[in-house]
Amino acid sequence: MTLKVKFSDLLRATLSFRTGNESWIGFSPDGNSYHIVSPVDTQISKGVMACNRPKDGTPFGGYIRWLYFRIPPFGTSTHDDEIVRKEHAKMISEGLIRDLRRFGIEAEIDENGASSADLSLEKQAGAFKQDLVCSGCSRKWNRLADSLRDPLLIFVAYRACIDDFSKGVYVFEHNCLGHLHISASSFVRRRPFAKSLAGFQGCPGFCYYEHSFQECRANCEGSCYRRIAVKLHRRSDITKDLRLM
Numbered sequence: 001m002t003l004k005v006k007f008s009d010l011l012r013a014t015l016s017f018r019t020g021n022e023s024w025i026g027f028s029p030d031g032n033s034y035h036i037v038s039p040v041d042t043q044i045s046k047g048v049m050a051c052n053r054p055k056d057g058t059p060f061g062g063y064i065r066w067l068y069f070r071i072p073p074f075g076t077s078t079h080d081d082e083i084v085r086k087e088h089a090k091m092i093s094e095g096l097i098r099d100l101r102r103f104g105i106e107a108e109i110d111e112n113g114a115s116s117a118d119l120s121l122e123k124q125a126g127a128f129k130q131d132l133v134c135s136g137c138s139r140k141w142n143r144l145a146d147s148l149r150d151p152l153l154i155f156v157a158y159r160a161c162i163d164d165f166s167k168g169v170y171v172f173e174h175n176c177l178g179h180l181h182i183s184a185s186s187f188v189r190r191r192p193f194a195k196s197l198a199g200f201q202g203c204p205g206f207c208y209y210e211h212s213f214q215e216c217r218a219n220c221e222g223s224c225y226r227r228i229a230v231k232l233h234r235r236s237d238i239t240k241d242l243r244l245m
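Numbering (this note's numbering), first residue to last: 1 to 245.
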């Protein structure tokens with residue numbers, strides 16, 4: 001039996017650092033049910049789990065012999081907190097499924113009811129064809145979705161092609177310090193009637209700087225490619241935060 005964990009539950013339990021609280025999710029020993037413990041004072045949580053692990057669940061609402069996993073809070077951001085929160089919850093959900101499997105519990109994330117506006121980068125990628133190979137260690141990813149989910153890949157640059165935005169490149173750094181280059185056309189279909197404002201009045205000039213990840217609101221052919229860069233950058237920020245936890 002595969003346990004379905006509602007994404008909406010994980011999203012509800014994903015709190016901001018500003019609250020001073022965090023959440024935990026517990027799973028029954030038979031893997032047939034789960035429950036959310038939220039909010040939990042972060043300092044109490046750290047003290048209990050580091051120094052005095054109880055044998056009868058947890059002092060913040062746990063059950064005997066249940067498995068508990070921390071749902072780390074997300075950091076403050078200059079971006080829209082709700083967007084960052086959803087991306088953070090998605091990263092947590094993917095790690096949770098892997099952790100549960102180590103305990104012999106098969107689970108999957110039920111995304112029913114999730115916002116349709118929260119379209120995943122994996123779905124935007126569609127039927128993408130390109131050799132995905134690290135320039136350093138020759139690590140190969142069979143699918144674009146696999147590379148996007150790999151926590152060892154961090155998005156580091158967007159090299160826009162001003163003459164033809166579909167020929168731009170998204171650059172990822174692997175943990176071996178090698179790089180993976182993914183064509184911008186992998187995410188966005190070229191719009192034949194769209195016009196480029198690059199170099200004209202009304203262009204903020206972001207595309208001339210590969211390490212600029214600001215969203216462009218100009219009515220330009222390149223804006224949709226830049227929105228992808230912004231989204232990739234947010235995901236990588238969350239991945240780096242999780243590594244430090």
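No lab work stands behind these hints: they were computed from the structure. A hint or two may mislead.
[Stated by the list, open to error] Think about it this way: if two alpha-carbon atoms lie no more than 20 Å apart in a straight line, the pair counts; the simulated SDA-like pairs of lysine to any residue are:
| no. | residue 1 | residue 2 |
| --- | --- | --- |
| 1 | Lys-4 | Ser-33 |
| 2 | Lys-46 | Asn-21 |
| 3 | Lys-86 | Ala-13 |
| 4 | Lys-4 | His-35 |
| 5 | Lys-86 | Val-5 |
| 6 | Lys-195 | Arg-235 |
| 7 | Lys-86 | Lys-195 |
| 8 | Lys-86 | Glu-215 |
[Unchecked claim] Ranges of calculated distance between the beta carbons of each label pair, as one might list FRET restraints:
| no. | residue 1 | residue 2 | range |
| --- | --- | --- | --- |
| 9 | Gly-95 | Asp-30 | 36 to 46 Å |
| 10 | Ile-64 | Met-1 | 15 to 25 Å |
| 11 | Asn-32 | Arg-217 | 32 to 42 Å |
| 12 | Trp-66 | Pro-151 | 50 to 60 Å |
| 13 | Lys-167 | Gln-214 | 39 to 49 Å |
| 14 | Val-169 | Asp-110 | 29 to 39 Å |
| 15 | Asp-41 | Pro-204 | 19 to 29 Å |
| 16 | Cys-161 | Glu-215 | 12 to 22 Å |
| 17 | Arg-70 | Ile-162 | 42 to 52 Å |
| 18 | Pro-204 | Lys-167 | 14 to 24 Å |
| 19 | Ser-166 | Ile-36 | 22 to 32 Å |
| 20 | Lys-140 | Gly-75 | 44 to 54 Å |
No residue lacks a Cβ here, since even glycine has one placed at the ideal position from N, Cα and C.
Here is how each hint holds up against the structure:
1. Taken as a hint, the Lys-4 and Ser-33 pair is honoured in the structure, with Cα atoms around 9 Å apart against an allowance of 20 Å.
2. Between Lys-46 and Asn-21 the CA atoms are separated by roughly 11 Å; this keeps the pair inside 20 Å, and the hint holds.
3. Proposed proximity of Lys-86 and Ala-13 is supported: the alpha carbons are some 11 Å apart, at most 20 Å.
4. For a cut-off of 20 Å, the pair hint linking Lys-4 to His-35 stands: about 12 Å separates their Cα positions.
5. With a C-alpha separation of about 15 Å, the suggested pairing of Lys-86 with Val-5 holds against the 20 Å cut-off.
6. Of the supplied pair hints, the one linking Lys-195 and Arg-235 is violated, its CA atoms being roughly 29 Å apart against a limit of 20 Å.
7. Pair hint Lys-86 plus Lys-195 does not hold up; C-alpha atoms about 32 Å apart against a cutoff of 20 Å.
8. Simply put, Lys-86 and Glu-215 have alpha-carbon atoms about 18 Å apart, close enough for the 20 Å limit, and the pair holds.
9. As the Cβ distance of Gly-95 to Asp-30 is approximately 22 Å, the hint placing it in 36 to 46 Å is violated.
10. For Ile-64 and Met-1, the Cβ-Cβ distance of about 22 Å falls inside the hinted range of 15 to 25 Å, so the restraint holds.
11. At roughly 48 Å, the beta-carbon separation of Asn-32 and Arg-217 lies outside the given 32 to 42 Å, and the hint is violated.
12. For Trp-66 and Pro-151, the Cβ-Cβ distance of about 26 Å falls outside the hinted range of 50 to 60 Å, so the restraint is violated.
13. Taking 39 to 49 Å as the suggested C-beta distance range, the pair Lys-167 and Gln-214 does not conform, at roughly 21 Å.
14. Taking the beta carbon of each, Val-169 and Asp-110 are about 35 Å apart, inside 29 to 39 Å as hinted.
15. For the hinted restraint 19 to 29 Å between Asp-41 and Pro-204, the CB-CB distance of approximately 43 Å leaves it violated.
16. The hinted window of 12 to 22 Å between Cys-161 and Glu-215 holds, with their beta carbons roughly 19 Å apart.
17. Take Arg-70 and Ile-162: their Cβ atoms lie about 45 Å apart, and the range 42 to 52 Å holds.
18. Pro-204 and Lys-167 have their C-beta atoms about 21 Å apart, which keeps the hinted 14 to 24 Å range intact.
19. For the hinted restraint 22 to 32 Å between Ser-166 and Ile-36, the CB-CB distance of approximately 43 Å leaves it violated.
20. Roughly 32 Å separates the CB atoms of Lys-140 and Gly-75, a value that falls outside the hinted 44 to 54 Å.
Comparing the model with each numbered hint stated earlier shows that hints 6, 7, 9, 11, 12, 13, 15, 19, 20 do not hold.
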